[in-house]
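Please take these sequences and the hints and turn them into a complete structure.
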Amino acid sequence: MATTTTTEVTIPFVEALAAYEPVLGLEVHVELNTATKMFCGCATEFGAEPNSQVCPVCLGLPGALPVLNEKGVESAIRIGLALGCEIAPWCRFARKNYFYPDMPKNFQTSQYDEPISHDGHLDVELEDGSTYRVEIERAHMEEDTGKSLHIGGATGRIHGATHSLVDYNRAGIPLIEIVTKPMVGAGERAPEVARAYVAALRDIVKALGVSDARMDQGSMRCDVNVSLMPKGADRFGTRSETKNVNSLRSVERAVRYEIERHAAVLASGGSVVQETRHWHEDTGVTTSGRVKSDADDYRYFPEPDLVPIAPSAELVESLRATLPENPALRRRRLQSSWGYSDLEMRDVVNAGLVETIGETVAAGASPAGARKWWSGEVARRANAAGTDVVPYAASVGVTAAHVAELEGLISSGRLNDRMARDVWDGVLAGEGTPTQVADARGLRLVEDSGAIEGAVEKVIAANPDIATKVRDGKVQAAGALIGQVMKELKGQGDAAAVRALILARLTGAPSAE
Amino acid sequence: MTDLIRLTADEMADALAAKDISSLELTRAHLERIAAVDGGVHAFLHVDGEGALAAARTIDERRSAGEALPRLAGVPIGVKDVMATKGLPTTCGSKILQGWVPPYDATLVTRLRQSGLPILGKLNMDEFAMGSSTEHSAYGPTHNPWDLERIPGGSGGGSAACVGSYQAPLAIGTDTGGSIRQPAAVTGTVGTKPTYGGVSRFGLVALASSLDQAGPCTRTVLDAALLHEVIGGYDPMDSTSIDAPVPPVVEAARRADVSGMRIGIVRELTGEGFQAGVQKRFDEAVEHLVDAGAEVVEVSCPSFTYALAAYYLILPSEASSNLARFDAMRYGLRVWPSDDASAEQVMAATRAAGFGDEVKRRIILGTYALSSGYYDAYYGSAQKVRRLIYDDFASAFERADVLVSPTSPTTAFRFGEKMTDPMSMYLQDIATIPANLAGVPGMSVPSGLADEDGLPAGFQILAPATRDERLYAVGAALEQRLDAAWGGPLLDRAPTLASAFSGAMGSSYADARDGEGR
Amino acid sequence: MPELTRADVAHLAGLARIAMTDDELDRMVGELGIILESVAKVQQAPIEGVEPMSHPLPLTNVNRPDAVHPSLSAAAALAGAPEVDQQRFSVPRILDEE
Ligand SMILES: [Mg+2]
Ligand SMILES: [Zn+2]
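Chains as they are written, first to last, in this note's numbering: chain A, 284 to 796; chain B, 4 to 521; chain C, 1415 to 1512.
In short, the hints are calculated from the structure, not lab data.
Incorrect hints may have been included.
Chain B stretches covered by chain C per the calculated footprint, using a threshold of three residues with CB under 8 angstroms from any CB of chain C [said to hold, decoys possible]:
#, region
1, 181-190
2, 302-315
3, 321-334
4, 337-345
Glycine included, C-beta positions come from ideal geometry on N, C-alpha and C.
In structure tokens:
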């Protein structure tokens, strides 16, 4: 039985927002890209054979003991610093006790009241150029669980399954859980704020190099807490916790849906149930999961198998020195150096092309050219393929160097713009580098001045009326002649040179040479 | 050749080094002894004759090839069934782990193998080391070699009875609240709980992580020191391992020098509650140390009166979490309460069937002590008491170099005597528990036989953390004097086991091997 | 401290995933009551203002380098499993509570 058969009542977003103020809380789990797990030396390779990256420690075998991954701690501190958090001078791991088959020890080694970093903030930019400050409550270290495959039920869902198959390769991979303070005051922009926050967080951890932050692969996962309070109230309402909302678009949609659902419940005089909910990407709704109860007594206590972590001030400062530029500030700097308009920059950012364009410019292309070639045809095709530009480009083998090369062919006078588009098509079709494609397709501007002059003479002779207009000073009429000359040259002419030649011939203006 | 097994490990090592005997002979002699007496003692849950003989053969070959070998190479040993042994069943005395064969060796076991000690098998214990009598083993109790109707102490009754009945000269025990020292006391043997962090816990199936410590069980103080040296030292696989060399325990045991040493008698650990004969032997032992040149001071550790209470909150709390992994999902027993049971129901049914009463009691107690609303009153308060005890030790050790007390308040009691009253069982560890809470090392050496029942009593020595060598200096000095007074080791006065058991218990080598006990 | 009730013990047994019969619950209530009365003594100790101590060793910052160590083979990892399927641990159906 699918869990999505009952659609709950919602009311339109605008109506919801007219009556209630949404309060959000986001919990984002970021899987670190350390070579080994948090507490053992097992590899963390994604997609390995099931149960091939496990050992007594991460399988929770009797007698096994954890030893902390130094890089995991450093990454946690760097994330904390990048989020403007205070780094605890002394903190510990705790055991979070609950039974679940994908958790080998039946406790998760996590941090409880002593997180490694706390009290930070992240300023996120919204579409309209304004900034919303998200207050960060804490960013703590913990370990991931194994992965279950549910067998016998419909569409691999847990519900209705007869049994499950567990792979513990993921068990013990280091996670940083980043928890916001309640986000209030975003109003109708709450869904956008949520999305922008998760996107900004993703950019930061990627810029830090501590995580792949691939939501599609689960290396970044988001739980969304939503509650509503009547406008003017100062006490938060009951919240729902929607688990595993795993794309930026879904974050926005899930927040929106929950606002609409909560509002419907409240508007009808009901009360929101405090529960976990499941997000359904396909139908765009959430469904009821487990009701929070006093059974959620995790019996936290300090993990006796690990010793406290006391990062020295020197360590923290040396890690601070390794922080990359804040992605938002960096973006502003790049925008001005590339000379993009706000709109152009936003498109580039939304397409996830900032790094790629940086690389392309570094490879020798002009900023304008880089933007044009990446966000035009490549973005269109990526969209059609239902993926992002960067992974699409990688899948067809197109690189920053290709763009720079293409630009070089134009500026050296070998290709005109139209020819360059043909070449780019060939590159995207996997026919080779721009030079190879141009060679193979025989694309080259006509350089033989005799052939160009011949064509100009021929076109002027065939269009005496237009020629007269140009002679009489109507320079814009030359366009019709240029078009015909280009046609004569089968498109392989340099339009600027042709124009100069026609004007010289008809008005006596000096030619380009 | 039967006298071979009566040598000390140190003497065996000498004879092996001199090539007077081979490890194969020595190991075979012990396997024969096991076959002869363990049907009655039931120290072993699993005997690995083949593995032990193969290891012995390898050592003999290496020795004849002229290789320089570690001191104890070729001397066989028994290992408490709480240590993970690759390829050898490891049950912790519990049904829930019946048939489990670990895919890895505990660090301590690796060190035994690297040092060339043939492992005879796995030794009986109270289930998951919870108990003071070995009656809580799911595979039946171990019997005290001094009196088969009495308990050998616990949880490491198998380890103490094993060395006490000459089935091995050496054994590994673990001590969370006295599980090495109390069995040593009631079997007339020697046992050391090293400083917490002195011996790696990697591969020791945890009872209470902040209290557990493995250590040697032997018949002499020097043998304990020799074994301590093999198993001790830093292990990067254990985050709580001390990164320092093993204290000079062997040297201290050989010198046996207590002249000028200040021996502190802990007021709270003598007198009331201690059996008269046990107290008398303790007092005499102190006199012997004074004769040997030590000075006696009396110290008070007022917080020790809360130690038992703190211990029975901290231990169950940690244990309730440590034992959560036994859930029928990845290893061990799996019980289906019905054909379509959920994972949750299978877990609950398996844990109901696989754990004994004492284990369940402590898990529930620990679950309670950690649960929201009670944490501060129970676990939290216990942690504060722990600090007071730690501080008491610190001030006591300013006045004394070692502290001493009777190890256990009584001699070995009869089977069943305390099974229906958990609190009376818990009181067995009243004198041993403070050391675990504070992490300091402790040792029990025989102090003689109690007048009223003729059974062994133990003398406990405690030293500051990382000063384990002091235990050996005092223990060896006392042993020398007492052996001289008795005209030989105390164990010489134990019943001659072979005649006591042969036939009567219907034991056989095969029975001992099957790991099922009786 | 309030007395431990039968319902309390049943709740704790649920948290600890131990199925208990009514008889067992009854017995456990009695036994735990006695033990709790005794261990509650910790509250009478002079613990006011005392820093809790969770560990006997004063160690901090024990880490290992982020270097890969060989894992177990999948066969060794799965050897002790009650049931195996598709190189995974086969477990009974999991109730919908994740
Ligand atoms: Mg978490
Ligand atoms: Zn591992």
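Hints versus structure:
1. 181-190: violated (count 0)
2. 302-315: Contact hint for the region 302-315 of chain B vs chain C: holds, 6 residues under 8 angstroms.
3. 321-334: holds (count 7)
4. 337-345: holds (count 6)
Against the hints set out earlier in the document, a violation occurs for number 1 only.
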